[in-house]
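> The lines below spell out each chain.
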Amino acid sequence: MPFSTQELMIVAAAREIRDEEIVFVGMRLPITAYGVARLTHAPNAVGLFECGIARYVPAEGMLYTMADPPNQLGAAWTTGLIQIMGQLQRGRVDAGFIGGAEIDRLGNINTSYIGGFADPRVKLPGSGGAADIAAMAKRLIAIMNHERHRLVEKVDYVTSPGYLDGGTSRRDAGLSGGPAAVVTDRAILRPHGPDNELYLASVHPGHSIDEIREHTGWDLKLMPDIGETPPPTTRELAALHIIDKDGFWR
Amino acid sequence: MPFSTQELMIVAAAREIRDEEIVFVGMRLPITAYGVARLTHAPNAVGLFECGIARYVPAEGMLYTMADPPNQLGAAWTTGLIQIMGQLQRGRVDAGFIGGAEIDRLGNINTSYIGGFADPRVKLPGSGGAADIAAMAKRLIAIMNHERHRLVEKVDYVTSPGYLDGGTSRRDAGLSGGPAAVVTDRAILRPHGPDNELYLASVHPGHSIDEIREHTGWDLKLMPDIGETPPPTTRELAALHIIDKDGFWR
Amino acid sequence: MKDRLIPLGEAIAEHVRHGDSLVMGASLEPDIPFAATHEIIRQAKRDLDIVAPISDASSDMMIGAGCVAQITGAWCGNVSGGLGHNYRRAFEHGMPRSIKVNDHSNFSLGMALMAGAHGMPYAAMRSILGSDILRSNPAFRITENPFSAEAEPIVLVPPLIPDVAILSVQRADRYGNSHHWGNCGLMQEAALAAQRVILLADEIVDAAVIASDPGRVLFPGYLVTAVCHVPAACHPSPMTGCWRRDNAFFHDYHRQSRGREDFLAWLDEWVLGVPDHAAYRAKLGQQLDDLRIMGDAPSVAANYAAE
Amino acid sequence: MKDRLIPLGEAIAEHVRHGDSLVMGASLEPDIPFAATHEIIRQAKRDLDIVAPISDASSDMMIGAGCVAQITGAWCGNVSGGLGHNYRRAFEHGMPRSIKVNDHSNFSLGMALMAGAHGMPYAAMRSILGSDILRSNPAFRITENPFSAEAEPIVLVPPLIPDVAILSVQRADRYGNSHHWGNCGLMQEAALAAQRVILLADEIVDAAVIASDPGRVLFPGYLVTAVCHVPAACHPSPMTGCWRRDNAFFHDYHRQSRGREDFLAWLDEWVLGVPDHAAYRAKLGQQLDDLRIMGDAPSVAANYAAE
Chain A
1 MPFSTQELMI VAAAREIRDE EIVFVGMRLP ITAYGVARLT HAPNAVGLFE CGIARYVPAE
61 GMLYTMADPP NQLGAAWTTG LIQIMGQLQR GRVDAGFIGG AEIDRLGNIN TSYIGGFADP
121 RVKLPGSGGA ADIAAMAKRL IAIMNHERHR LVEKVDYVTS PGYLDGGTSR RDAGLSGGPA
181 AVVTDRAILR PHGPDNELYL ASVHPGHSID EIREHTGWDL KLMPDIGETP PPTTRELAAL
241 HIIDKDGFWR
Chain B
1001 MPFSTQELMI VAAAREIRDE EIVFVGMRLP ITAYGVARLT HAPNAVGLFE CGIARYVPAE
1061 GMLYTMADPP NQLGAAWTTG LIQIMGQLQR GRVDAGFIGG AEIDRLGNIN TSYIGGFADP
1121 RVKLPGSGGA ADIAAMAKRL IAIMNHERHR LVEKVDYVTS PGYLDGGTSR RDAGLSGGPA
1181 AVVTDRAILR PHGPDNELYL ASVHPGHSID EIREHTGWDL KLMPDIGETP PPTTRELAAL
1241 HIIDKDGFWR
Chain C
2001 MKDRLIPLGE AIAEHVRHGD SLVMGASLEP DIPFAATHEI IRQAKRDLDI VAPISDASSD
2061 MMIGAGCVAQ ITGAWCGNVS GGLGHNYRRA FEHGMPRSIK VNDHSNFSLG MALMAGAHGM
2121 PYAAMRSILG SDILRSNPAF RITENPFSAE AEPIVLVPPL IPDVAILSVQ RADRYGNSHH
2181 WGNCGLMQEA ALAAQRVILL ADEIVDAAVI ASDPGRVLFP GYLVTAVCHV PAACHPSPMT
2241 GCWRRDNAFF HDYHRQSRGR EDFLAWLDEW VLGVPDHAAY RAKLGQQLDD LRIMGDAPSV
2301 AANYAAE
Chain D
3001 MKDRLIPLGE AIAEHVRHGD SLVMGASLEP DIPFAATHEI IRQAKRDLDI VAPISDASSD
3061 MMIGAGCVAQ ITGAWCGNVS GGLGHNYRRA FEHGMPRSIK VNDHSNFSLG MALMAGAHGM
3121 PYAAMRSILG SDILRSNPAF RITENPFSAE AEPIVLVPPL IPDVAILSVQ RADRYGNSHH
3181 WGNCGLMQEA ALAAQRVILL ADEIVDAAVI ASDPGRVLFP GYLVTAVCHV PAACHPSPMT
3241 GCWRRDNAFF HDYHRQSRGR EDFLAWLDEW VLGVPDHAAY RAKLGQQLDD LRIMGDAPSV
3301 AANYAAE
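Heads up: the protein sequence lines correspond to chains A, B, C and D, in order.
Under this note's numbering, the first residue of the first sequence is numbered 1, with each subsequent residue one higher.
Under this note's numbering, the first residue of the second sequence is numbered 1001, with each subsequent residue one higher.
Under this note's numbering, the first residue of the third sequence is numbered 2001, with each subsequent residue one higher.
Under this note's numbering, the first residue of the fourth sequence is numbered 3001, with each subsequent residue one higher.
Bound-form chain A, shown alone (with noise of 0.2 angstroms):
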């Protein structure tokens, strides 16, 4: 069965969701992967958004943000942001899925300053929820485009801590957890090692090692285990487009 890159993305994204786990889905793909991951191997998973929103059942209806009321109907609670948020800080939240301009070889992710806060040559809007998911959910989740000026060997500023400095860094910071994966349009990063390097794990089915390592912007070193990422299952695909109706994402 015919797929698309970014099918392939979301379907790889849905495999890091656990059944019954908590999980902070965001918008755009994390939002379709819980979908998936809801009608195939996690259908007690729990889906939580920011501004206020827990849901069982991803909404039906076309969402441009998360407060859409199309996410209130039917919702599991309908709250404000500390008591979602909470969740995280108190330590109940499996996975958080987020973006980002940057992310770097310790998978720390900018979306703030390129350039450093002192004098910075562009402002990105910002964290959002993304320094807390970051910081606190037990298992972070990044979705990137694959592009060398997007995987960079630093990050000019640190919005959203991945493994910080590398070694016992993040954890003297004060955090557990960290990230667990970065799903790009190419490939899955995962960290490894004492430092929490992000390493090469999966290679998404069409792409080449070498042209991956081409397109990051570090010396990508490879994970022992590096195999390629498994296509789309046809009960993958057949739940991605119950929830993709309108084929968006083809």
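Among the clues, some could well be false.
[As the list claims (entries may be wrong)] Derived list of chain A stretches under chain C, where covered just means 3 residues or more per stretch with a C-beta under 8 angstroms from a C-beta of chain C:
1. 70-84
2. 87-94
[Unchecked claim] If we take Cβ atoms under 10 angstroms as the criterion, some of the chain B residues that face chain D in the derived model are:
3. Asn1044
4. Tyr1056
5. Gln1072
6. Leu1073
7. Trp1077
8. Gln1089
9. Ile1114
10. Ala1118
11. Arg1121
12. Val1122
It is worth saying that the hints were derived from the structure and are not from the lab.
Please read all numbers here as calculations on a predicted model, not as lab measurements.
C-beta atoms are modelled at their ideal positions from N, C-alpha and C, and glycine is treated no differently.
With the hints as your guide, set chains B, C and D onto chain A.
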């Protein structure tokens, strides 16, 4: 028009509430006083209940506790304890009423331990919200029966802070506000002088200064402008009889 | 969604352990889950730490039955009668066992549960400054406000994470989703803070009823460990729209708990000699029927339509 | 209860002052009081500090119109389009004036408003540990948790007390009592923290409607300074049960705000050249009518009867 001692106490307490004030009203005499105030000189006062209720109009129907169904019906707000008591700490609450087992010369109130907490003779129920109201309301009004063992030189345990050790001790403890009046069944006491010691400010009709001093556990001094508590006016009594339909306080 | 509906006896047996810290209600005067109190006494749970702003007769009964080692709370007594006789006997005379009291004010206990609910390392507050609560309970710390230019004392309140919160609501579905209305005290904070939540629902309804109004949900169903269908679980305390307060029952309890022997007779009659809450309701009979709220004062609807 | 119903223009004139710190909405993506944004721009309010977790096109418009000196928030852009062009122009090029950004995360801003709401000296949290937000915003302090046996860094967040919170709700009475449903972000905290509250109600209803459901009240009417009746005040953002999101309008704004000249033309067309929100609605015409939610998905009633 004839009136009972308790009716006089209620009317005296009602006079402590000013229009448009936000008031912690509690149960029994204070909630009735609040009703009288609203029907007479304070039609825009608001009553708060620490269980999580704000009301404009007092409840219709018998209340045994502040959370009984008649106090929920037609409330201005039913919510949580934090939302209601947070307004105290936010500095929004003008006046609060509390009772107590013991009060001392400097307005400190004990509702916790008779005999000190290390080896108490009697274990009383404790603070509830009284410590918070005494600490954070702009003015505290205490309502007590005037007995020598209740109005004492120094309480064994300060559940609800009055002026502590006098002088600047309340301010040094980080508090503003403090007791503004103690309404008893014989008199009204008010703070006076640099220590904010409780002085006899107003003698209820039918009582004498000597008798009151005899029933006070410290050498009770007299306010320069000491007077007699004005008896309830016709209007005040009429309002009270609207609230107290069954003549409970008569 | 997982089916979480089980009998109350099973929920208490499986999810309340000796030595647990336990929130029983937390909305102060209403919605106290007395049915769970009785079951805890019947199952002879021991060494409990009862966490409560207002600890009404429910705590007093458990203390008298010997289930309680500690009270972490702001007030413990009998709202109708004043003092709690078992509480005093335990505290002053160690009968049937001694208990420890961890003094709080309502707001400091609220801040502690709020900190627990939201994973805060502690809550900073001012509200019990000047009170001897700061002396009798060593859990608090007094420090200076680092954001204040002038010296300004503040109080730090450590978080509370109860092992179990047992909460009563008007209606729930079998998956743990529920609606509660009327004042809610610290129910939300308790549910979000606790390790486990046991929900007592006056009525079990279709999931669509709860889903029709996600804004009436106080805490989410996925945090609920067990749902139990127990009508009038709150008796003798009130529940908005369902049950009036049985003030006479509180007074009777107050009178009969004055002496230890009389209390034990009361306990036999109303708890130990009654197999479960259905039998308790049957025993109350007409007295309970008379407390049922029969009127109708419905909320005006909110429209959640998306199109 | 005092009658607080006044026209929006009057409310902004009287209660928003140059230099004020201002919460505009606070439920994140929905219920943004754009009608008040327009009025603030028309009245040329200056030097505002906009406090917002998510600062959508509303902030971008005020920045472009030169009303804003500071953004205290977690995210500023255009939810539909990504970057906020006026925000970038102001920050990177000082056009039309330079602005300062006080970086937060959503949760740290929530904690700051929560601390303000409840009079806490500060909020202690962990959530932005490791983030450079702690470096670029000097308001925070890092310290050790005094309750932890091991060294454990924590973050202290000072409280925020906004001068004004401008909040949109589905319905209110003329006395300031209101119902809001759907996610509420930081609306409650903002209302409880702020010095003044301006309420924009999609519908003005009889006091009995609000009083029928005190549990649907997010913040009490007695804290409200002014009530304004402004249907579709949230346009182009959505409001649960009332208005769908006008995504095309957000996109058009994003495109037309890319260049400064085009933005000024947009501002003339949609704000400065329009006398008030009634005229704005008339100008939208059918486009607005098409966004109106016509369906009916009512909440099941809660019964508040006392007898």
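> Are there hints from earlier that the structure breaks, and if so, what are their numbers?
9, 10, 11 and 12
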